[in-house]
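Protein chains in written order, with this note's numbering: chain A, 1 to 204; chain R, 1 to 654.
Read the hints as simulated data drawn from the structure, not as lab findings. For every residue, glycine included, the Cβ atom is placed at its ideal position computed from N, Cα and C. Be aware that a few hints might be false.
One-sided excerpt, in silico: chain R residues whose CB lies under 10 angstroms from chain A [what the hints assert, rightly or not]:
1) Pro-392
2) Asn-493
3) Gly-509
Simulated restraints, written as ranges between beta carbons of each label pair [what the hints assert, rightly or not]:
4) Trp-393/R - Ala-43/A: 42 to 50 angstroms
5) Leu-110/A - Glu-551/R: 14 to 22 angstroms
6) Gln-589/R - Gln-56/A: 42 to 50 angstroms
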Amino acid sequence: MRLRAPVSTAVAVGIGLLLLASLLFPGFESMRDRILGWAILLAAVAMLLGLFNLFQVHFGRIRRGENIVYSFIMLAGLLTAFIITLWQGRAGATANWLFNSVQVPIETSLMALLAITLTQATVRMIQQRNDLMSLVFAGVLFILLLGSAPLFGVELPIFTRSITPYISQTLSVGGARGLLLGVGLGTLLTGLRILIGADRPYGG
Amino acid sequence: MSFHEPKDPEENLPDWLKELRRRQREAEQGAAEEAAPEESPAEEPAAAAEDNAEPQETPLPGAEPDWLMEIRRRHEKEAPPRPQPPTDPDEVEPDISDTQPNVPIQPGEIPGLEDDAFPEETAPIGWDAEPLIADPDEDDNDDEEASALPPPPAWLDDSGASEQPDAVDPFQSAEQDPLEAAAPSEEDDIEAWLTGDADTEEAPAVESAGGSEQPLPDWLAAEMDNADDAVLRSESSQRLFRDTGELPDWLMQGHTEERPHVRAFEDLDETSSIEPGELPSWLQALRPPDVEKIVRPTRSNALLPDQEVAGPLAGLSGILPAEPKVVRIGTPKAVSGRLQVSEGQQRHAATLNRLVAEEGRAAEDFSQQVAGPSRILNWVIAGALLLASAIPWLTGSQGAARPQLESLPAAVNVYDAIENLPVNAPVLVAFDVEPALYGEMQAPATEVLSHLLARNARLVFISTQPTGPGLVERLLADNLAIEPAIATGTYVNLGYLSGGMAALRAFAGDPQAATSPLPGQANNPWDATPLNAVETLDDFGLVLVISSETEQARAWIEQTADSLRNGLYMVASAQVAPLARPYLDSHPQSLRGLVSGLSGAAHYQIVRSGAQSNPGWDAFSYGLGAMVVAILLGGLYNRLIHIRPEASSEDADA
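If we strip away everything but chain R, and leave its shape as in the complex, we get (with noise of 0.2 angstroms):
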């Protein structure tokens, strides 16, 4: 046990303070006189219990009220007497109770009372609070500060440190107070002191040494003689610091005072008749086997909450600390992460996993069991739009009804241009397709070019998708090859206009500029009969854009078509139509004519040769048809599917 006792406790006490604490050694000496030789045993437990109740509310017995001291005297009058009432006042040992527990007791105020008598689970009032188990480290390096105290007690040394160093008994501890059991009128105390530093469950039948005719035992002899040999050293140390001049007076004072429970040890043999208390059987039974190793907190080691434990406010409890609890920082206690579960709680934790893991397994959706059949339903899909548009080409009939004239007004806007070109007037088509529409453009573009090569014109081609000139040449070659301009090669092909918007700009600001050949080529085309007379756009005799694509559409009807007089015309697939049409129906028209798709290129087949013959129509009705009729029956046939677990639930339920 290591504590900083100051030098000179009084010296830093303030004047209030050192008042304080005369008055309370008097009315300490005063009630010892009093109080300790007609204090019945019966009441000691009672006001044990009170201080640890409530210890800051007990008052000095020098201020207690006439009431209270009128009913102290009556209860010392009907007190029977006690056993051995001590000749000495000095040697009575002081009730703690009686003392004011913020006011710190130092070693030696209390007379006959020295810092040896406490063992280390016992520490006084006002010290430092060490832990009951001892540390073994600690304990090596506080050699030094051990040296220069005055050493323990024997029979701490040997029955308490040494037997049980880290096992306290509690009732023994709560009970037996070295304090209390030093006092030589409470034999029973003693007694039970005794025998729990000699661990009473293995020894229950202890007797008194001297309250007997047996003699003492030979644990508890030894204990006596450890007892003198302590009080020797005691005073041998005591004699060491005197010659030193180490201890203060006032400590030397009380080193040199007799120790009361030293003579009770000495008085046992001679003036004890205490018998054993035997704890009744089904009390040791309850008892739990293990309860030696709780540590229970006794009076005199219970420091208050917040009570100061150093320097000149020691003992005084609510005040400011020094320093804030959050900076004190410990070893956190060993918690231990086993965890006692029940068979019951196992259960429900069993049950909370399987309901988690169902959980987290997909519902069986019913939609994934027609997952499988859908590569069927593609193949039958696919199968069925052939079959459907194969079936004009192997029956040969062309019997679809052709669309009506007035449904597809803007495509005879464009005829009606082509028929008033004059003849060999130079003809600007641009091509923008990509290949995938290209099945869908080359029937209506068909159309349109035939009829321009028809007129004799000259077609110039031009094309900002650099796929655009390699169509145009397909799409002569395989539909046109037979006109006369194309087998004679007099068109020209300007081929790939890179540069988007930008390029469509400058080529209606400026054509020969934008596609100006490369120096040292030798064909110019701008040099040919078509195009020699051609400076600007608005040149041409005809601007027709072929275009698939809206953006393209879109961008020519923007860029070129404020530069031309005799406006723009298109030829457009069906998913430009929609975009297209706002130009046309615009004032003035930015768009002058469009045909577009399918339908667009039968209706101007119509307009052009009421020809009825069209086996692409006829295919294209075919295939739309069948698709409908897909979409129908699939549409259905799932439908049924999910209809079909839901009634049979129904039924199920009904």
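Isolated chain A, as found in the complex (with noise of 0.2 angstroms):
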């Protein structure tokens, strides 16, 4: 249909607008927390439509025979989960024990693996990378780490005390001052670019 992609802009154009009006002037809000609440509650259907085509992804790869072993576990874990969890709420004690006896320690786990993954490719940086940033980056790791905590229990204070505090909270302040500005900018120019209809992220 030719008016979808003008009647589409022309609703989000709007609307954002009303939004961007109810933070400037008062009067809006009722109408401003009747708009978030549609918003939130299309961000709720979202997340069961996600749910679905997961589903639907991983019982069409069982009818094709592709990683069936995988898809299986992964959709009697998903149903078990939800019947479990609509039946008895998300107290039950039987949906806190599937969380955390299983969900919670398998995540905890790959992070403890992922410190050791870690010091293994910075071995292996050291080993095959010769140039400047990657000697930048392997000193600011090494100085952070001395300054972290006391190695073995004995503290370095020149890490501890003086660098590893300076690169903390000087460095690093200054450096994510800036990513952040910069995304701060990028949400105003992508605001902007919705509202004048240069973007139309909803496909119009």
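Relying on the hints, combine the two individually framed chains into one complex.
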């Protein structure tokens, strides 16, 4: 339908201008809260749609015979947790047991493995890469590691009290401010482009 | 042979061209009368060679300058008399060298020369050039044309066309033009032509029939008979054409004239005393065996480039073609795809092939030799980290130095804010923690929540992460179950707030509306004691965000900090601290206090109770030390492996 794109663009631009006006002028709070409520509801529906899409993809793989074991395990866990939570509620004993005994240990173990993997990657980086940026990365890493905590119980004051605080509280803050400023400007520009209809992420 | 002959060539010619042709014919006749009887046989090849070299520059006899005529007269006086001068000028073969090649010579224009006198491979100048190798299919298709034309001579049918249809002796073709061979004064050429016609290699000792006492051989006698038959057939066909009126007069006139080459055949047995040409033995040895298959253009069939072959401009060269050459589609030459490769070329190709194969093979990378032990290195690093972290738990030592208070001033702000809370004040705790970072967040979150519970705060939990509510319950059950408020369940868990930043904005504006229960739900938390007095976010005594992710921390700060008079406090992971610190240092402060990571937990513990007992901190200290040592030793070990072969190669070079 040819009118779909102009209509959707007009709706998006109009609602965006209304929300912007609600932040600048009083009297639009109730309307703003209602629209935000719609957005929150749509976000929840989007999560359900994502869940349904995940189920569909893996069910299709099982039908086609692709990675049957992994897809079957994933679908079994998904359906089990979903049904039990619906049945017992989010505070149910079985639902909490599944969460605390399966999901949390798995994700925590992966993070622990990440520490080992990063250590080995650092070793190999020192072995194979000899350029300037690698040396800078390795040097900063050593300084932060030596200043984060006392090594084997022994504190190195030059790192813990001087070099590491300077890097983490001055240099890194400067970089973080620049990053946040860039993010803010990018967000502002994205909002303006959507308000004038230059960007139509809704597919109009 | 097929050619399109106009009915009357003179009819469509312009007047200037007709005049030019008339002058040419007169000049040809005059030149034939003067030059043919006195021309020596030695001059004939030279003249032919000149014609082949520069045919277009041959002047007309009537247009010769005086100096050239003088030279010609001197030459004629010095030349020996011809053995058999022709008695009739009409029987003399016209010298093609004296004619202008650009002017087309029509059949019958040359006196005594008829179209049947041309064999297939010797088309007259100005006619359509046909391929020397006759196509049998084409011959079949041209039967009708052949019937309309005078029949070819018998000698061509019997010996030339039937015996050697596709092989012409190049030497014969170049030297023994039938036009020249038909001249009665050139016995050598006639003999060579005849011998060439009958395959001179197989019969090198052919002698002239009339020049010696030996009788003519059978094949030559048959040739002579055939020639006579051809003359008879030609005359009969001329009578037929004359009766039917199909041939024009000028052509009939040409046909009725006597043919000199026929007379040459007739005179062979009477006047010729030609000695057979003998090739020296060394020349015969050098002559390739299949030389007869090589086709070379003769003087008569070699048309000049870009010479018009039909129409009123036939014979003229240098004219614009009626159709471009690019549209003349012909059959491409059959090129043999078989490559003749010598032994040396094969050796070079093999060398190149070997070099290319070596290029495709990956060079031996010395780092690949250490890729095998990398799995061992993983196990060694994992074992070292686990062992180092377990040392404080195994030995019970807690002697690791604690962080300095002045190094983390933001944590003190959190402590002060909690200390200043009124009793039983509602405190909103946003618990946005991922399960992966639960271990890191557990320590600082426990310290701060424990402090809040000690101050009898009414905790209200909410999370923008789906896993947040479950982790809150887990944290309270594992670490704070001994606290009375937790044990009695006087806290509120609002659960998961879906919608991201939009939901946060809505929650900041109206917390009850954003988290209102479903209609019909029995327990409404906003009706209970800690929340019944809360209408806005600022009604909470303290808003504490416990976040392990940067995006969630930034969203809480940006969406809610402006609506909080008392500001926002945060417990974050170590990775969130660098990005949260700018909000901490801003004016006015969006973030009032920050406790980050294990060091922040240890620091807060020291600030709060002054306790020095912290097994987690010691484990962290030992594990960090093991990691630094592993990186140093591993890097040096691999570096030494890399240096070793280079040093050995340098030693070998030295």
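Exercise for the section: Enumerate the violated hints, using their earlier numbering and listing them in ascending order. Expected result: Hints that this structure does not satisfy do not exist here, as all of them hold.
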